Structure formats: structure tokens, C-alpha cells
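Visitor: Protein chains in written order, with this note's numbering: chain A, 1 to 353; chain B, 1 to 353; chain C, 1 to 341; chain D, 1 to 341.
Check each hint, because a few of them may be wrong.
Unchecked claim - Capping the alpha-carbon separation at 27 Å, the derived lysine-lysine pairs in DSS-like fashion look like this:
no., chain 1, residue 1, chain 2, residue 2
1, B, Lys231, B, Lys2
2, B, Lys264, C, Lys269
3, D, Lys269, C, Lys302
4, D, Lys336, A, Lys344
5, C, Lys302, D, Lys260
6, B, Lys177, A, Lys2
7, B, Lys120, B, Lys231
8, D, Lys31, C, Lys302
9, B, Lys32, B, Lys231
10, B, Lys342, C, Lys235
11, D, Lys235, D, Lys216
12, A, Lys335, C, Lys219
13, A, Lys177, A, Lys4
14, C, Lys336, D, Lys31
15, D, Lys198, B, Lys344
16, D, Lys302, C, Lys219
17, B, Lys80, B, Lys231
18, D, Lys67, A, Lys264
19, A, Lys344, C, Lys260
20, A, Lys264, D, Lys62
21, D, Lys198, B, Lys177
22, B, Lys264, C, Lys62
23, A, Lys4, A, Lys231
24, D, Lys219, D, Lys204
25, C, Lys260, D, Lys302
26, C, Lys302, D, Lys219
27, C, Lys211, A, Lys335
28, B, Lys342, D, Lys260
29, A, Lys4, B, Lys2
30, C, Lys19, C, Lys67
31, C, Lys260, B, Lys264
32, B, Lys2, A, Lys177
33, D, Lys302, D, Lys269
34, B, Lys146, D, Lys216
35, A, Lys80, A, Lys4
36, D, Lys198, D, Lys211
37, B, Lys146, D, Lys204
38, A, Lys4, B, Lys4
39, B, Lys4, B, Lys342
Think of the hints as simulated: they come from the structure by calculation, not from any bench. For clarity, every value in this text was computed on a predicted model and none was experimentally measured.
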Amino acid sequence: MKDKFPLMQLIDQAGNIVSEEYKSDITEENIKKFYYHMLRLRTYDRRGRALQRQGRIGTYVPFEGQEGAQVGSALALDEKDWMFPTYRDHGAALAFGAELHRLFLYWSGRVEGAVPSLTKRILPASVPIATHLPHATGAAMADMYKGTKNASIAYFGDGATSEGDFHEGINIASVFKAPVVFFNQNNGYAISVPIEKQMNSETIAQKAVSYGIPGVRVDGMDVFAVHLAVKEALDRARRGDGPTLIEAVVIRFGAHTTADDPTKYRDQEKIEQIRDEVDPILRLERVMKNNGMWDGAWINQTRKEIETEVNEAVEQMEDFDKPNPADMFDYVFEKAPWTIQKQKETLLRRSGS
Amino acid sequence: MKDKFPLMQLIDQAGNIVSEEYKSDITEENIKKFYYHMLRLRTYDRRGRALQRQGRIGTYVPFEGQEGAQVGSALALDEKDWMFPTYRDHGAALAFGAELHRLFLYWSGRVEGAVPSLTKRILPASVPIATHLPHATGAAMADMYKGTKNASIAYFGDGATSEGDFHEGINIASVFKAPVVFFNQNNGYAISVPIEKQMNSETIAQKAVSYGIPGVRVDGMDVFAVHLAVKEALDRARRGDGPTLIEAVVIRFGAHTTADDPTKYRDQEKIEQIRDEVDPILRLERVMKNNGMWDGAWINQTRKEIETEVNEAVEQMEDFDKPNPADMFDYVFEKAPWTIQKQKETLLRRSGS
Amino acid sequence: MVMTDNRITVQKKTTKQNKYNVIQAIKDGLKTMLAEDENVLLLGEDIGVNGGVFRATEGLQKEFGEKRVIDTPLSEAGFVGTAVGMALNGLRPVVEIQFLGFIYPAYEQIATHVSRMRSRTLGFYSLPMVIRAPYGAGVGAPEIHSDSAEALFTHMPGIKVVCPSNAYDAKGLLIASIEDPDPVLFLEPMRLYRGTRKEVPSEKYTVEIGKGTYVKEGKDVSVFAWGAMVPVAEKAAQALEAEGISSEVIDLRTLYPLDKDIIAESVQKTGRAVIVHEAHETGGVGSEITSIINDTSFLYLKSPIKRVTGFDVPVPLFSIEHDYVPTPERVKAAIKNSVEF
Amino acid sequence: MVMTDNRITVQKKTTKQNKYNVIQAIKDGLKTMLAEDENVLLLGEDIGVNGGVFRATEGLQKEFGEKRVIDTPLSEAGFVGTAVGMALNGLRPVVEIQFLGFIYPAYEQIATHVSRMRSRTLGFYSLPMVIRAPYGAGVGAPEIHSDSAEALFTHMPGIKVVCPSNAYDAKGLLIASIEDPDPVLFLEPMRLYRGTRKEVPSEKYTVEIGKGTYVKEGKDVSVFAWGAMVPVAEKAAQALEAEGISSEVIDLRTLYPLDKDIIAESVQKTGRAVIVHEAHETGGVGSEITSIINDTSFLYLKSPIKRVTGFDVPVPLFSIEHDYVPTPERVKAAIKNSVEF
Ligand SMILES: Cc1ncc(C[n+]2csc(CCOP(=O)(O)OP(=O)(O)O)c2C)c(N)n1
Ligand SMILES: Cc1ncc(C[n+]2csc(CCOP(=O)(O)OP(=O)(O)O)c2C)c(N)n1
Ligand SMILES: [Mg+2]
Ligand SMILES: [Mg+2]
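The whole structure should be built from the sequences, with the hints applied where relevant.
Guide: And the structure:
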């Protein structure tokens, strides 16, 4: 099947542009745009891990290694498109328009941070695996119904493909030609379970055959390739030609979460050895160098700006008002029924039931 | 996709043997065996509908038109294989070894008839669509674990392919190479919903690609072709080569159930017009005629015997002891807890709670 | 006064009335809302061309088109999840689950998304959607088709549970559910679908969610029921009048949130309570009503609360299903036990 | 006498003891049964090489092999259904659901097959299988990871629900569950996994399913709890001794079937009851216990039964989850209300 679903690549690991067709898109401007976003994601991600180690936030889900897939896909979206991320896709959310301090708040167990953006249509991270795929289908069908040209994108991992909701969400989208992109980041692991134990199929892209829709396999460490694949899928969706399943092959450099110890189930050393070779950010640096676009000053400047932005977001998070227990009662329904009102009083006057 | 998954056929509608390779299997003996079983299923099925009309049993699920698929598959099984049927596959159960009067009891709302056979491993009809596919996977994995050579077969319809359990059951089987055959009868309808509204894929067989397993598309009105396809899949399973997805393309001549009115959603007249052409039983009669195997005396004799057998089964059903309300309490757990004991007394002495 | 519940009041100002049974009233409610709000659409199995296995949507696809009345694939988790996405994006989907026993595949969608979207986003997103499902035993349906699973949803914060017992309430509560800003599970007593007809206003009206109603007033004992058990309770109550026992029959109509006030008001008047439901006894809504009585009316109770319920067994196949479902006889016996305690 | 519950008696005849916390005791129980019965096997996500996200199966795959300790795909409905097929075919699968909040996708399998196989076949087929799941809030886990969904299964005929509160019971109840001829949902209080260690016999022993136990005797009020709420109830009870209130604390240990006798025995002694659970109040197991007290001990009650529970809201994110979970303070207040009524 790998021959039927070849790995799409525009730039190889050495930083050579391997696609004549799309050479013209790989401009300095685009390179800098993608580079900036990936660097921003990585800076945020590393800070997240640091804050967790320092006990300043709770369990954190790192995505280092997957920046290319998350930036390439997120930047392909239009203003009013819908994004349905998982717990690992806060990078994509950030690239699309999530507010940094809200993301940090979320990792601090603050519901105030659950909605990543008040302007972009980004859902809170979907925690029950694959349950959000049908949501993306439904949001897309609603846009179709309303006659807009908006599309939806659902993010999910290789493990998610084993859940019924993966199948049901895509099947329904395929029947109604819903304008939705099913964007899979295949990082080869579901926590500790390697993909060979997750599925018997050689690729994830081939699962598109079940639904009579296009399946695309792309090098997820190649931000340009991902961007192109998602852009094409979104165009197809807006044209009314229905959903696409995209498999972005990526490597998760770190642990599943800060509560996970990957050395229990895989050889982390090997990953450390190859990581510079495969790093999506370094790949772009190589392109810059190979094409005389290297601009050290700009990179340093950019780093500084991002650092400052992240520092400010951390401050915002830590200066945020104390959590309000009343929040758990006030938003279950538009108007709290007597049960919840009574219970709220119980808690607030800390009395017995 | 139809080219990639061609419709397998050994005998065409005109009754010509179209496969040189398997010509030798199409012996008079085999023809008579298949013919006998299909006739037996049809006689039973028509009696079932008659009994329902007469109010002697409850809602009945007819399978007329699908006898070839059900007989061809069931007769491919070994003594100790496991069968997981739906509500429409009592024909297959009967061919495999279900007791007629138990089937009638089941349609009378008698739990005593839920287990189709006390000797063959046939599960009660699975009513929640697709939920039994993982069971077939599990039973097969248990046989693998125990080192037997038994296999399992799961029956399901075209509509069932839209449920998550279809996907999860096959995916797990594919990962563990479980000795199981997923036997789909594609009759083109899920109650009123035509297959085009059920899925966007041209065939059901192609869904095998998702799991990296063989997908076979067979003419379900050709009992020999079905038998061959299932036999090959079972052999593959016993060899340790894992599951197979088979799509048997069939036509449901009648209603979804005796409570359904097909004229509301499809042109029944057209079906009446083509039914003789496509009928799996008449197809075998044509083979007999074409090959000088026609034996009218044997056919009449066989009809009589089946009639008698069915009459006796109906009597057995109607002479069966009155239903026992205590049954609902005595088998929930091996030993009824106090709750159920108390409730049983409540009912039996018809007193208040 | 208790008898001026919104049923009566509305009927006063209504002009045209139709004599409808429950299924007709539900169809009328769906039609009313499809006509009134273009964001309302229906999804489910066999609801289009076929008009639903119970004909609740008969003719609606022809009238409102395939974009408004959608035949879905056989995929409960899928189309409930699809409805979540539609509701997020401004529509008001009304989903039909063909039988309540087939809602289980969608349980994760309902438990983790339908019921939580508003609270997990502090109200930034909300899901105005309705899930309709026929429920209950007594019609000779096959296995799994006869479950009464309401208590599996009244213990799930974020979704309301409604269950009418007659045509008038069916239309009014359905419209109220569709207009509700939050998700509602709308349970339809299969057994009453084609039962007694009632005057149903042809215009749009609502019956308030969260309010029970007095079906019959009485002074000796309060009998609480909903859905298909209301006529059963009524029958028992009427029969006992002859024996000089005056039972008050209350149709709770909404199962979450329960109408605490009507429960307390009645029990504080009669001092006795009998609860009738079709679902299994253990963990049924009856035990929550018992708790509400304990919390509100402890000192008024003259005898233990009685529950007349389905048993802690799967609903049996139809040859003995009538032994599973509470009967007027069992309710009468319980009322007597309660009164004679 | 009540204090000679099987915990004590077994400990008497035991030789070797280990000081185990709950997670170690569970692993010991699994190991014991894997060693004893070759038909026992484990299925779940990340339970093999990784030893489970809580390490409940650490080292077991190495010891018993990949055929006995199986890493499944991410597919709860799929592997619970697979376990059904295995149990049908003579094995005794023990399935791990990584967190109880992820059991919802398997709800249909459990509601329509796991719990019904024996009754729908009049005992011809049965399913000796166990579903293990960590449950409850208080460990700072993400959304959905902290649900206490026991009441969604105690209202489901055909499955037993067990919930230990300490290491000794954890091993004994787990072994009893694996040996039970019927399906058991085995709930593990995440919050106590690494809590106080207890003497746990190294040999095989069982704690009877369906029996509660006295954690502390008292005369003024009966406090019922299970799982992670037992230490909370105990703490409140101890604190109130100083104020002269003598509370009896009962660990119910099994939630279906509930131990009616111990509930009645204690309430008939004290005349008062407080129920503590982490699940939402409405429809929680607490309301069923209230009903049992109403049914068995109506005339003994001196004051209304009090419930101290989680609220009718989704378990909040961890920054305020401790406001959701009952605290000793809330239990103390309820006990006082009960006694001072
Ligand atoms: C229904 C459900 N089951 C189990 C889990 C626990 N869990 C969280 S992440 C995860 C692995 C997901 O793997 P994958 O889909 O590949 O995404 P990745 O974490 O690799 O990005 C599991 C099993 C869950 N969140 N939801
Ligand atoms: C989970 C579930 N949802 C809905 C139903 C109601 N129902 C019974 S049969 C059926 C159609 C099944 O179609 P298909 O799988 O093609 O099998 P066929 O009836 O054609 O043999 C439906 C929707 C059900 N039994 N289970
Ligand atoms: Mg992964
Ligand atoms: Mg079909």
C-alpha cells in the first residue's frame, strides 16, 4: 500500500527542495512564516514542560517533533473554518489563533482556558479519543446547509483510528460530502502501543478507501508538504467534493505526557540520535542555508520576541484570578435547576447536605 | 473499485457454469445438497411469514432471496466453528444445525428458543447492529489461544458497516490475525435506507483495505460461489493468516420485517419482475436442467419431507409448555441476589412491592 | 390552584383543535418547529422516505426536503456526534434514536460531549439539541427494543430528560425541548403512541419542562408516574375509589430536573407515596423520588414509600413482557399496603 | 459478631503478609489468578510492556507472556466485545479500562451483551469476565478522567459492581470477581492507589461479593461509604468522637447487590443515616440506599437520611476538583445535621 499512498514531500531532510512543481511556493517569506510559527510552538511547548517540572502547572502534553504537521495544517485554514483538536494539538490551535495564556491556564486545570480562542472557532481539546471526528462532520454539514464556504478540520492520532467514532465520523462525512478534512498525525505510538499493534494496515491513508474518499500520505516533518496537502484538501472540501483523510507521518520526540516514561516502551536514545536529522525546524534552517536565505539576525530577533511573548503569557496565567468554585455550577445549563442551586449553596456555605 | 473487487461467480443466472477451475466441484451431489437446504430454508421462511399473518407468532424477519448466501456460508463451516448471526440469519443457523422448533419459539417471543442449537455453537440472534463482530473476534482469539483449529463467522448486513463495532471488531481481528470470517450480506437496504445513503464506497469488500486483510466480493445469489469464498476464507483463517471480509451481494425479495412496508421506500414490483431471474433456488434448477441432472421425483419427495418436518416443528412450537414468568428472574445471575429474589416473590404472589 | 396547569390554561385560548394520538402530536410538534425555524432539522434512521418506523416523521421529508429531514447511516454515535457539530454551528438538530435501547452506542457522545459542552466552555459553546427515542415494553417488540433507560440519563449532569404521557403534553413538551437552550432527551412511550386521542391545539404552544401535573387529586396517598405508567396508575387509583381509597395521581412529565415542589406538596398533603415506573427497581428514578420525599417531607410520612417497578432483570422477550411491566393490580396492592400500613 | 468479617478471619490463618498499597494489592491479585488459572488473561490499553498507566500490570507480560497479558488497540467497545467472545469460548478475561470515564464507548457492549448473555440464553451461555477501571477525582487528572459512574452500572441487571477501599479488600474482592461466574465491574479508587499500605496475605484469598463491613462501630448515626470516600467518612467520624457523637462507619464494598442486611442492621441500631459518595447526587447509589432504608427501617428513623455527594455537575477541571469531592468537613456537617435534627 505504501506504493499506492506514497509519502508526499516538498523538501527532503537535507533541506533540498524536491518538488519542481511547487518550488515557487517555497519563498523566503513563506519559509520565514512557517519557521516563526514552529519556533513559537516549540518555545511554548518547552516552557510548558518546564512549568510542569516546576509544579507551576499540572500534567502537560508535549508535541515536540510535531510542529511541522501542526503549523502546516493550521496555517492552511481560513479565518472562519472550524478546528477540532485533541489534547496534543494545542500547537495547531496556537498557530491558528489560540491565546497563549489560555493554553497555559488550561494546563493549570483552569476551565477559563478550555476555550483556546474567543475569535477563532477552535473547540476545547477533545479528550475522549476520536469522539470529535463526528463533530467536525456536523459542523461542516451545518456550513454546507447554510451555504457558507467554511470547512472543518479534525485532528487525531494513529491510535484514534481504532475507535468506532473515527469510522462513523468519516463515513457520515463521506455520504454527505461534508467539507471536512480528517488530519491524522501518525506518530507511531498510542501512549506505549506501537502502530503495528494498533492496526494491521501498512498506512493510515489507505483507510480512505473504505469511504471512497481521497487518502493522502505526507511527510509530517515537512511543513510545506503538510501545508500543501491540507490546502488541497480544504479546496476540495469547499468545492463540494467532500472529505479527505490525510496521514501526516511524524515523530513524537518526547513522552506521551509529562506523566509518561517512554523509556519503558521504546528506545529514547535512538530518537535523541536522529532528532536533529528529522527536526522540522532544522529542516527549514537547512533550506534557508541551502538557498542563501539565512538571516541570523532575524532569527535571534524572532527568538527574543517569542521569549518575551511566552514570558508575558506565563505571567498572565499566574496573575489570573483565583479559580471560582461557583463556576462548576453556573454553566451546566443556561439556568441552573433547583438541584444545582441547592448544591451550590451547600458548597458555598460549606455546610452539610 | 468494482474492478479491484470483481464479483465472484461460479454459476451465472442462466444456470451456466462459468468457472472452469471449479467445474468439478459442481457435482449432482453438491447441487442436491445445496438445493435441499435452500428449499428447506425457503419453506421454513414462508411458513414463518404465514404464521405471523395468522397471529400465531410475533413479528418475523424474512430472508427470502438470501438463501444462497446463508446456505453457502453455513455449509462451509466445520462442526466446532462458532456462528454469530443477526436476526435475519436464522436461515444460516438452520443450515448449520439450528433446531426448527426453537427458531419458531424465538419468533413467538419465547426465550427458550433464543439458543438455536444445543450442540452447534450458534449464538442467539444479535439485535443491536454490529455488536457481535467483536464477539466473533474474541471467540476466534480464544480458539487461537487454546490451539484448536476452530474458526468463527460473523454475519451482518450492509447497514451494519456504518457502526463503530464493525470497524473495531475487524480491526482487532486483523491485528491479532484471529481466525474469523466477516460475512456481509449486502442486500442494498438497511430497512428503508439504500446503500448509497449508507456509504460512499462503491463496494463493501473494499473496506478490507482499511485492515490490510483480503476483501472478497461474491454473487450472493450463487450458492456455490458463496460456499467457495467462505471455505477459502475459513481455510486461510485456520492456517493462521487471519480474517477475511466477504461481501455477498444479495437481494432481499420481501419486507425488512413483517412490520415493514417496503412499498414506502422502493419499487417492489420491479423486484417481483426480476425475482425469478435472480432466485438462487431457480438458478440451481437451471443448472440441473442444463446438465441433465433434473430429478423431478426427488424434488417432489424432498418438498414433502421438508413440509412434514416444518409442520412437526410448528406443532412442537405450539404444544410447548406455557411460558414461565419465573424464567426472567432465574438466569440473570448464576445465583439470584436478594433484590431479584424479592422481586420474584412480588410477582409470583402478584402482590404489591 | 393546582388544576390550572398550563394544559388547561392554554386550551382555553386555543382556537383550532385536532384529536390526535401521541404519535400524531409528536409529528405535529416536529412539523410546527420545522416550519417555524429553518435551523431546526431532523436526523435519524429511516425518518425520511419511510417516515420513521413509527411514522413520527411521515411526509416531513417531502414537505421540508432532504436537507431538513435527513436519513442517516446506521450510526448512532456518528449522527449524535454529527448533531453536536451542527448545534455548535448554529443549528437545532432533533435526532431520532429508533428505539431507546439503541442509544447505548451513542452513550459516550452524550456523556462526554452533549451533556458537557456548555460547562466545559463556561457557556461559550452550547448545544440546543433534542434526542427523541421511543421507549418501554408492552408492544411485543424484539429484544433490546423495550428498555426504559431514563435513569441512565438523569444521573448525567447537563441534559434534561422529558417524558410525556399524552398527546397534549407530547406536542407541548417537544416544542419546549426544541426551543430549550440545552440538550433534552425526549422519551416517547411507545405503548401510548396509538392510544387515546386528545385535543391538541394546531398552533404552537409549550408545556414547561420541569413541571409535573396532577392527573387526579386525592387525599390518602400520592401516586407518582410518567409516560406509559400514568394510565396504569390512574386505572389503579380509579378502581380503589370504590374501596374508599382516595389516591392522588401525579404525572411528573420531566425526570430531570424533577418537580420537587409538586412531589412535596402532594406527599405533605397525603402523607403516603407510591412510585410507579417501568425501569428496573434498583437505581431507578423512583429511588431519587424517594430521596426527595425524605429530604422535603420526612415528618409528614405515615408509611414507607412504595415502589412498583420493572424488576432487576433485562426486559424479557414478549411472551412474558407483561409480567415485567407494572400492572394496575400491582399498583393497587402497593397503594393498599401503603394506606393500610 | 460483626467485627469478625472475613477480613479478620482470613488474616488469622494466613502466614506470609506483605505491606501493600491498593495498586500493589491489585497487581498481586492479578498475578495470583494468572498463575492459578491458565484461562485467565488480561486485556487493555498499555497494560503490557508499559505495565499500565498506574502500573497495575507491571511486569506481568514479561512473566506470563503476550498471549496472557494483551496490549489491545485503542478500542474499548472492541476489546470489551472481544472479551465477551473469549468468555463465551471458555476463557476468563480481565479487561482494564484505562479510566472509568473511558468505559462509555463500551457501554452498548456492557448493556446489551455483557450483562444479558446469561439471561437471554437461560444460562446456556455465561460470561465470567471482569472489567477493571480506576475511578474518581482528586488526583489532578484531565477532563473525563475523574468520573464516578458506578450508578450507571448498578441500574443494569446482570453485572455486579464492586469497589474496594483498601489493599486487603482490593486483592480479595478482585480474586472473588475473577472467580465469579458472572460479569463484575471492579472499580478502583485512583485516589487511594498509593495510599496507606495494609497487611496483604501473599496467598490466594477472597472477600465475599455483596457484603459490606464495619470500619468503625458507633451508636448515634450510620455513615455509609465506599472506595475513596471511606477514609473521608472515617476522618469525619473520628473527629466527631471528641464532640461526643458516636458514628458507625460502614464500607459497603459492593454496590450491586447492596448489602441490605448491614444497612438495616446499622440503621435500626442508630436510627440515623448519612450516605457519602463522590458521584453526582441525583440518581447516585445514595438514593438507592435511601430506598433500602425506607423499605427496611422506616419505623426506626429518627431523622431524615443525609446525602453528602458530588454535585449534579460534570467533575470540574483539577483546579477546583477538591470543591467537588465530599470532604470530612461536609460529612461532619451532615452528621451533625442528622444527629441534631
Ligand atoms: C476513549 C479513550 N480511551 C482511552 C484514553 C486514554 N488515552 C489518552 S491518549 C491515548 C493514546 C492516543 O494515541 P494517539 O491517538 O496515537 O494520539 P497521540 O497521543 O499519539 O497524539 C490514550 C489511550 C482516552 N483519552 N480516551
Ligand atoms: C444499534 C442499532 N440501531 C438500530 C437498530 C434498528 N434496526 C434493526 S435492523 C436495521 C437495519 C439493518 O440493516 P442491515 O445491516 O443492512 O441488515 P439487514 O436488515 O438488511 O439484513 C435497523 C436500523 C438496531 N437493531 N440496532
Ligand atoms: Mg500516536
Ligand atoms: Mg441490508
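Visitor: Please list, smallest to largest, the hint numbers that this structure does not respect.
Guide: 2, 8, 12, 14, 15, 21, 24, 30, 31, 34, 35, 39
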